[in-house]
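Peer 1: Sequence:
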Amino acid sequence: MAILKIARMGHPVLSRVAEPVADPRAPEARALVASMVETMIDANGAGLAAPQVYVPRRVVIFQAPPERMPEGVDEEEAFDHTAALTVLINPEIEILTSEMQMGWEGCLSVPGLRGLVPRHTDIVYRGYGLDGQPIERRARGFHARVVQHECDHLDGILYPQRMTDLRDLIFESEARHRMEAEAARQKEKADA
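In the working numbering, the protein residues as written are 36 to 227.
Quick caveat, the hints were computed from the structure, so don't treat them as lab data. The C-beta atom is built at its ideal place from N, Cα and C for all residues, glycine as well. Wrong hints could be hidden among the right ones.
Claimed, not checked - Here are the simulated distance ranges between beta carbons:
#	residue 1	residue 2	range
1	197	40	19 to 27 Å
2	63	130	30 to 38 Å
3	216	54	41 to 49 Å
4	69	227	53 to 61 Å
5	79	191	20 to 28 Å
6	45	199	16 to 24 Å
7	166	226	51 to 59 Å
8	213	54	22 to 30 Å
9	130	208	12 to 20 Å
10	133	171	36 to 44 Å
Given the sequences, and given the hints that come with them, work out the whole structure.
Peer 2: Below, the structure is given as C-alpha cells:
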C-alpha cells in the first residue's frame, strides 16, 4: 500500500475514457484498490477513481456516510447517505428518474474549488467487487451524487463540465460567505 499522487485538472489521464479491468480478482486490482483507499483517506475524500491516481482503469471507491455530506444539503438530497466504503470495478449506472437535484461538489483533482452541479436523484449502480462477485445497489440523494461523480472520472468528465452556470464555481474559502449571502437574500424575500 502507498499514498499515491493525485492528478489535477488538465492532466490528460483525467480527460480520457478508462479501460475495463479484465479480472477484478487479480492481485494488481487488489493492490491498486488498497493504495486508492489509503490515498482517499489521507486526502480526506469521499471517493476516488483510478484515473485520479494516474491509472486509466475502470475502478472507483467511495463512501457516503452522514459526516461526509457537505454543509447545506437539504433533506431531500440527504435522504440516502448510508454507503459504507465501496469498491466498484467496471461500474455501470442506470438512471431511474429524469429528476435532477443541484448540489455543491468538490474534487481531489480540482483542489480548492466547489461547484454547483446537477445530478440525477435516483440511480442503480452495478459493478464487481474485488472478489469478482457482482454488486448492484440503488442509490438516492448524496449517495447517488457521489457515485455519479466518481463514475464520471472513468469517462473523462470532471464536475465543472457538468455545471450549468460557471458563476457557481467558487473557492472553498469563500463558500461560507456565499451561503451567508444566499441566506440573507432568502430572508429578504420572505420578509417582503
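Peer 1: Indicate, hint by hint, whether the structure satisfies it.
Peer 2: Hint-by-hint comparison with the structure:
Roughly 25 Å separates the CB atoms of residue 197 and residue 40, a value that falls within the hinted 19 to 27 Å. For residue 63 and residue 130, the hinted distance range of 30 to 38 Å is satisfied, since their beta carbons lie about 31 Å from each other. Against the hinted window of 41 to 49 Å, the Cβ-Cβ separation of residue 216 and residue 54 comes to about 44 Å, which satisfies the hint. Taking 53 to 61 Å as the suggested C-beta distance range, the pair residue 69 and residue 227 conforms, at roughly 56 Å.
With their beta carbons about 24 Å apart, residue 79 and residue 191 fall inside the hinted range of 20 to 28 Å. Taking 16 to 24 Å as the suggested C-beta distance range, the pair residue 45 and residue 199 conforms, at roughly 22 Å. Between residue 166 and residue 226, the C-beta spacing of about 58 Å keeps the proposed range 51 to 59 Å intact. Look at residue 213 against residue 54: about 39 Å separates their beta carbons, and that is not inside 22 to 30 Å.
At about 34 Å, the beta-carbon gap between residue 130 and residue 208 misses the expected band of 12 to 20 Å. For the hinted restraint 36 to 44 Å between residue 133 and residue 171, the CB-CB distance of approximately 21 Å leaves it violated.
Going down the numbered hints, you'll see the structure goes against 8, 9, 10, while the others check out.
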